[in-house]
Amino acid sequence: MAANKQQGSSFGLFLTGLTAACAGVACFSSGIGKVILLLGIVLLLASLWQFFKTKPLEGKIALGSQPVSMKLAGILVTLLGWVVVLFGLHLTPSVGGRMVAAIVGLIISLVGVLVILPSACNKNAIWKA
Amino acid sequence: MKINRSKFLLYLVLALLIGTVAHADSTADLKAAAAKAPTTADLQQGDPGGSLTGTINDVPVSDSKAGLTLGDVANQVGQNKIGINFTWTLVCGFLVMFMQAGFAMVEAGLCRVKNANHTYMMNFTVYACGLFAYWLIGFAIQMGGSAGNGNLGGLQPLSGEHALSIFGKTWGIWGEKGLFLSGHTYDVGVMVIFLFQMVFMDTALTIVTGACAERWKFLTFCVSSVLMGAFTYPLFANWAWGGGWLAQLGTNVGLGKGYCDFAGSGVVHAVGGLTALAVALILGPRIGKFNRDGSGNPIIGHDISAVLIGCFILAFGWFGFNPGSTLGASAAGCLRIGSIAVNTMLAGCTGTFGAMLYMWIFKGKPDASMAGNGLLAGLVAITAPSGFVNTVGAAIIGFLAGGLVCLSVAFVESKLKVDDPVGAISVHGTCGLWGVLSVGLFADGKSNYGGSWNGVTGSVTGLFYGDASQLVAQLIGIATLVGFVFTFSFVLNWVLDIVLGQRVSAESEVAGLDLPEMGQLGYPEFVFRPEPEYLVAAEQVAIA
Numbered sequence: 001m002a003a004n005k006q007q008g009s010s011f012g013l014f015l016t017g018l019t020a021a022c023a024g025v026a027c028f029s030s031g032i033g034k035v036i037l038l039l040g041i042v043l044l045l046a047s048l049w050q051f052f053k054t055k056p057l058e059g060k061i062a063l064g065s066q067p068v069s070m071k072l073a074g075i076l077v078t079l080l081g082w083v084v085v086l087f088g089l090h091l092t093p094s095v096g097g098r099m100v101a102a103i104v105g106l107i108i109s110l111v112g113v114l115v116i117l118p119s120a121c122n123k124n125a126i127w128k129a
Numbered sequence: 001m002k003i004n005r006s007k008f009l010l011y012l013v014l015a016l017l018i019g020t021v022a023h024a025d026s027t028a029d030l031k032a033a034a035a036k037a038p039t040t041a042d043l044q045q046g047d048p049g050g051s052l053t054g055t056i057n058d059v060p061v062s063d064s065k066a067g068l069t070l071g072d073v074a075n076q077v078g079q080n081k082i083g084i085n086f087t088w089t090l091v092c093g094f095l096v097m098f099m100q101a102g103f104a105m106v107e108a109g110l111c112r113v114k115n116a117n118h119t120y121m122m123n124f125t126v127y128a129c130g131l132f133a134y135w136l137i138g139f140a141i142q143m144g145g146s147a148g149n150g151n152l153g154g155l156q157p158l159s160g161e162h163a164l165s166i167f168g169k170t171w172g173i174w175g176e177k178g179l180f181l182s183g184h185t186y187d188v189g190v191m192v193i194f195l196f197q198m199v200f201m202d203t204a205l206t207i208v209t210g211a212c213a214e215r216w217k218f219l220t221f222c223v224s225s226v227l228m229g230a231f232t233y234p235l236f237a238n239w240a241w242g243g244g245w246l247a248q249l250g251t252n253v254g255l256g257k258g259y260c261d262f263a264g265s266g267v268v269h270a271v272g273g274l275t276a277l278a279v280a281l282i283l284g285p286r287i288g289k290f291n292r293d294g295s296g297n298p299i300i301g302h303d304i305s306a307v308l309i310g311c312f313i314l315a316f317g318w319f320g321f322n323p324g325s326t327l328g329a330s331a332a333g334c335l336r337i338g339s340i341a342v343n344t345m346l347a348g349c350t351g352t353f354g355a356m357l358y359m360w361i362f363k364g365k366p367d368a369s370m371a372g373n374g375l376l377a378g379l380v381a382i383t384a385p386s387g388f389v390n391t392v393g394a395a396i397i398g399f400l401a402g403g404l405v406c407l408s409v410a411f412v413e414s415k416l417k418v419d420d421p422v423g424a425i426s427v428h429g430t431c432g433l434w435g436v437l438s439v440g441l442f443a444d445g446k447s448n449y450g451g452s453w454n455g456v457t458g459s460v461t462g463l464f465y466g467d468a469s470q471l472v473a474q475l476i477g478i479a480t481l482v483g484f485v486f487t488f489s490f491v492l493n494w495v496l497d498i499v500l501g502q503r504v505s506a507e508s509e510v511a512g513l514d515l516p517e518m519g520q521l522g523y524p525e526f527v528f529r530p531e532p533e534y535l536v537a538a539e540q541v542a543i544a
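In the order they appear, the protein sequences are chains A and B.
Start counting the first sequence at 1; every next residue gets the next number (this note's numbering).
Start counting the second sequence at 1; every next residue gets the next number (this note's numbering).
Same shape as in the complex, but just chain A:
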């Protein structure tokens, strides 16, 4: 399945829902604001449901399965590196100490981005078959 009318209508619904949700946030202090926000969320969920319903019609894609656990591990390691950097800010007041913490954290994050996640995404790549 390529682009079609259903996709167009669900994208229109998504934009309407997002607009309503943002309008609700903009005037959240008023009662009507909360109602509009709720309406926006409902419309967004409806659009997501429409997207999900039409997804199987796309047909076979040229992509192998990507293991969820490995992807999650990659995400966690990447995020962990950032947390180390933030923690390092408060660990020591010295410039040198903070620089070491920043570099260590960055290296941890890079392991997630450049090692674990590419391995996960390419584990069952179709070009390997």
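You may find that some hints are simply not true.
Stated by the list, open to error - Calculated pairs, SDA-like style, for lysine to any residue (alpha carbon to alpha carbon, straight line, at most 25 Å):
# : chain 1 : residue 1 : chain 2 : residue 2
1 : B       : K415      : B       : G296
2 : A       : K128      : B       : I498
3 : A       : K60       : B       : S339
It should be emphasised that the hints constitute simulated quantities derived from the structure, not laboratory data.
Using the hints provided, position chain B relative to the given structure of chain A.
Structure of chain B alone, referenced to chain A:
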């Protein structure tokens, strides 16, 4: 201390007399100047030399009975300053907007002819998707708490930053004012900063389309771009430019002048490049890009002339990107715009040399597409430091970026096995991060934008000029880009993959996306040349 009352009274009387005389003198001067100004009859004769137009008679008078006063003149001077800055910022914003055309040409030119319409259309639609999302909520998240910019009149309506108190310090997290540009943000200064920041945001969004070209489902691209313009980009931009926690690293923990990113190597380019990497990982490579042994196949673009013209359009637009980031041309050190413009062109020049020489020396030919990418790499890298470095620093930063982009393109393809048809991950991601780092190394401490940066008195100074703490602030910015922005983008697009599906069907991909996704060929009168055998074989396997 005992005060001598008679002396005090004497000084007071003298001061009043001097003040009255000075006031009378200046009022007399103004009247004399008005008397000498050309009359209506003079102006009716025409002013071919331009010496009669624009005189004291053009200064608006607030009280016609009192005539022109010093207050009127001072108000006009203030309005002139803001008017100059508004005009400068808007015109630079228009230049940046035109960069979309350059991106479209570069990306489409590097893709195959069967995907030309789809690639152009993504670059075209991203403007609408990003602008709409940014108007709804993105601008509020980014700039909603950024009041205080004197160049644009103070921007006082943008006074709502949501902050958290951690370890005894207050850290800005996101802005709250400016949704739909309504309420008090219906303001002339806010409109100017909205336009300028919006075109920057859109540049970041359009980077992703290049790395994901030839296989990205148009619907998912639209939704992903809307969400990036609404949340991903504005969040990091708030932290760096909207008064958020990265900008506060100087005031809160004494790290240099806080995270410094003059025009967006990190905020715009690294955010775009890292998001491109995240989506490209999820999407997987194009059919036929890699062989079973992991070696890569070249998939040649269809129009190198479009690529190189696109690069020039981008280089032209960059004169809006970097010098425009002073947000003014009058007062507060804004006259540095000349230096910033020269740094920009120099880094682009040395970036071209860096990439071209690398390819020529190590691969045997001065590859045109890599020379173009070298120009862009130099420009991307100088974007963050352009306001803080001298010309020698700019030339070095650009040259290293040119070599770096060649190494990075090879690394992304041969080691990561990520397919990036245009090299966007390397040009914008890798060189964007290099640009952020280079501020912490090369900033020469000579710039002075109103005496302080990010609320810290003094000029931005890097390691080579004596301030190691600035380098730490930059490293924290890089770690945030890699650790948070990449992760956020990856998770967001992974969810979209689950709900919508990121990739087109193998059948559509083989046919080319112009007809299945757009309903029209980019070049309907072209006769397509058969694809290389290795691609045809891979396509048959993928469809089967």
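Broken hints, by number: Structure breaks hint 3 only.
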